[in-house]
Amino acid sequence: MTISLDLAYHAPASLDETLEILSEQAGRTVLLAGGTDVVPSLRDDLISPNRIVDLKRVEGLGDLAVIDGALHVGCLVTFSDLIGSPAVHARLPVLAEMAGMVASVGIRNRATLVGNICSAVPSCDAGPLLLALGARVHLVSREGVRTVDVDDWFEGPRRTAIRSGEVVTHVTIPLPASGHGAAYARLSRTRGEDLAQACVAVVLEPGDRPRIAFGAVAPTPVRARRIEALLHAQGLDAGAIDAAVGLVAEEVAPITDVRATRRYRLAMCEVMLRRAVTAAAGRAAGDGPVHGTPLM
Amino acid sequence: MVDHTFVGHSTPRIDGVEKITGAAPFTDDLDFGPDLLHAEVVASPHAHARILGIDTYLAEQVPGVVKVVTGKSFQSTFGLYLEDRHIFAQDRVRFVGEQVAAVIARTRTAAKRAARMVIVSYEVLPAVFDTDAALADGAVELHPDLADYGRVPWFHPRPGTNIAHWRKLRKGDVAAGLRDADLVLEDTYTVPRYAHAAIEPHAVVAELSVAGRLTVWSASQSPYTQRNLFAEALGLSHRDIRVVTPYVGGGFGGKAGVTMEIIGAALAMTVRGHPVKLHWSREQEFVNTYQRQGLRAHLTIGARRDGTITALQHTLHWDAGAYVEYGANVVNAAGISATGPYRIEHVQLDSLCVYTNLPPGGPYRGFGYSEFTFGLESHIDRLAHGLGIDPVEFRRRNAVVGGDELPYGAQMNPSGLLEAIDRAADAIDWGIEQPAPSPTVRVGKGIAAFWKAPAMPPNAGSAAFLKFNEDGSVNITVSGMEIGQGYLTAMAQIAAEVLSVPPDRIRVETPDTDRNAYEWQTVASHVTWGCGNAVLAAANQARDRILDTVHRALGHDVASLYLVDEQVRSTTDPDLALPLREFVVTGLEQPSDGTFKGGPVVASGSFMPEFTSTRSDPETGQGGKPNVHYTVGAAGLVLEVDVETGRIAVRTVALAVDAGTAINPVAIEGQIAGGVLQGLGTVLYEELRFDDGGRLLNPTLTDYKLPTASDIPDRVIPIIVEVDQPDGPFGARGVGEHTMIPIAPLVANAVEDAVGVRITSMPITAERLYLALTAEDG
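So the protein lines, in turn, are chains A and B. So the first sequence is numbered by the working numbering: it starts at 1 and just counts up by one. So the second sequence is numbered by the working numbering: it starts at 1001 and just counts up by one.
No lab work stands behind these hints, which were simulated from the structure alone. Possibly wrong hints are sitting among the right ones.
Claimed, not checked - Going by beta-carbon spacing under 8 Å, a handful of chain B positions derived as facing chain A:
| hint | residue |
| --- | --- |
| 1 | S1237 |
| 2 | R1689 |
| 3 | L1697 |
| 4 | L1771 |
Unchecked claim - Every beta carbon over 10 Å from chain A, so not counted as near; a handful from chain B, in silico:
| hint | residue |
| --- | --- |
| 5 | E1644 |
| 6 | D1692 |
| 7 | D1703 |
Think of the CB as a built atom: it goes at the ideal place given N, C-alpha and C, for glycine as much as any other residue.
Whenever a hint applies, use it, and build me the whole structure from the sequences.
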């Protein structure tokens, strides 16, 4: 199907050129990376930009590397890139576990991790995991560079801390210490391509406070700070996990919609939390399920 | 069984390479050049409203707009079995999404923009969204003119109500049968609406030539039926209409009959000389084609301690939607067969076609049987458990066999239901418990039987043209549609068997009504049987002509001649080996005088079941022979339930179907895999959901959940039973739709086996099962 619209399309080759274009006042601007959100939204008349700035030709935005103890994920890095990266598998396998649950192979070949947190739908898969990993979002504009803690990134459904004229160049994810365990669990209606009805990311580092975040059960991905504190205080034995599960209803605020009822989402958050914490703890101990094994 | 050369041998699809390489043309691929105009419809935002006025002025000012067309220009009614539709809404709209007007423009964008600027004023009317509301006293009447609509003689509408058709069947004395039972079980089962969700949305391009010729290219299962309805609705002669149907990207009943195509055909009448294209978006595809009708089925069945079913009372309330021109026949089909494949002495069936303010219902793979079999086969399982009889054994004891009297009096055709039940049960190790793979998982097994007859008018015909070419190859034209089922290949195999010409030397083309012979429609799983008989007749005629030519030119007795390896051979003259390519066009030279005998071999075949009749008593359904035959089968399934989440993982499905004779076994195996998966989609994931104003909440593939490659069972075991259909080509009967019919109750039965919970509403999503499991826990 052809899409014909009255809009300008820019494909700058450098970051400078990109920022130059963005600095010009030209009404509604959409940044395009993989296009898996932008293109369907255009087709369905959900957005009507005056111009599209396509980042795919900009040099340096596709970097994926470990730099100074953190994983640097450029804004053009796709979910398939993460799945295929030896560095990710060696140092941060939970990132590949999450990426492997996003949509389908065809979508993962185009869709980017940064695009996922920039479109910022409540069910985005990358959001909860980046929260649990303590990632930082790096932006640049003509005014200079800026870094936002991912905890401060999500402001509402499809709303983030990005400002007019800015581009997210990359995110950095501090690599957890060796001996860490992490898990991403996701509830969906089918095992194939589907949006998450609810999801949870758990990161356990030896001696550190656990980091846990839920997705699709609030207007934005949310940290479960009370649960984190409880598990930090009580450890990870069965009683502590039971107590943590008991706190789920205080941490999340799911709604009823066409994808699930509030009641089911809430109950499944409890199951997912128990399974993800158990899996992460097992992985930390060296005997958890292989990454990618569906927990739900 | 007879050993054939081509029939019964798995044969690669003759359309396979074209489709796998992406070269196969579909309607949207056809190029009509720069004169092509684009249309967009103006859709009703209300489920039920009176149209007070339509202001097209603003829309007409949009640059690129050619014309805005409303119902004023087209006032005739149309419909396949009941003429209750208009091309555009006239005085009122009856569902959200109904077409009120259309814009024709030079670009699709201009058409879309202008369609939004057509101002329609409505007076909203009360609406009904389920059968209870529609049947209630004082309910708003959707079709006050119901009595005046043209209809087939076997429909029985109730003017003054929302009942468009009430099919009754009465056999024996149900009350006495229930008194005679040791166990009587009564319950209600609910089946929601479903969408076909074919990959290819509906599309039509139509052009009225300056000479008055209307040509329509459409994605359709029914080119000749479309031509017929276009002629009637637009007042044209059939000879002046040509319908061309390229490959279809999924039909499943959704592209049967006529839906949006008539809008394209009508619009072309208003812009003579210009092709006009209308191509549904995915949302329009969900809302304004056909949907599978919703069903509330109330079942009472009684059985004796020895396992004999004594009586069955089945009341089916069909949510048939705003227009039922096709859907009412789904209701009819169910209303004479909703006993399932069982021999039952006392039967009462009431199948009611109820108008509601939801999108039009219509045909969907299974044609009513997929819907009622959910409740019926669930109920049969519960009765077996209630009597302490093994569900496999209970079905065996009541299974219909050839020669049995059917509920309406006719005789059951030869069939292999018992063999199908046994083989399906064996394939899943019925009766043997399987260990659960983890502490939160329970394993369950289910069994279900099914039957289905083609639902057709008694005079549904098929025809075929066949011609030989200079190189001895063959062209066949028929007007059944290749909708993925392998029909073209089966037709080639049937002709190949008679003519000894291999299927890869036979080209069978998709329909063009100017060129191809007649076919009623590609529905009812009847084309292999019906059109196969026409192709068989054409091939026999061609063979007779070939042998006659040899007889006349060379003097051989016709009875001694036969075809093998593309040659004419003789049982009496071992030296005779005449390659067909040498004479099927150019004839045979007579040795005596150098003259030629024969000429181009062309043939035709025509078939109509001359033994069917729909004449029956409207109060009892007794009499006539409405169905040509039934295809029967059974299936078994193994699944796992995660009791903490309600999620179901289907491990194994074995499905046995009696194909009579399998023309192309690999194609039947494909039908089994496809039917199983489609059935699993409806029972596990899919469901059309509406808000309280009748607006569809999930008209997208994001939220109308189809199973994907990741959701398929570990194993699908296809089992082909072959009990000859005496009037079928080489003994064949249809199997296409049947393979999804048992899947929903199969899952419900296995779920109960696994976790002890009986679900009576589809779909059995993880969430619904979880909620049922936790309710059981108290």
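So, going through the hints one by one against the coordinates:
1. A hinted interface residue such as B/S1237 counts as satisfied when its beta carbon comes closer than 8 Å to some beta carbon of chain A; here the least separation is about 36 Å, so the hint is violated.
2. Taking 8 Å as the C-beta contact cut-off toward chain A, the hint placing B/R1689 at the interface holds, the least distance being around 6 Å.
3. Hint status for B/L1697 relative to chain A: holds, with the closest Cβ pair at about 5 Å, below 8 Å.
4. Restraint check, B/L1771 versus chain A: the minimum CB separation of about 7 Å is within 8 Å; hint holds.
5. Annotated as non-interface, B/E1644 brings its C-beta within 10 Å of a C-beta of chain A; the closest such distance is 5 Å.
6. In this structure B/D1692 is separated from chain A by more than 10 Å, as the shortest Cβ-Cβ distance comes to about 14 Å.
7. Chain A draws B/D1703 into its interface by the beta-carbon criterion, the shortest separation being 5 Å against a cut-off of 10 Å.
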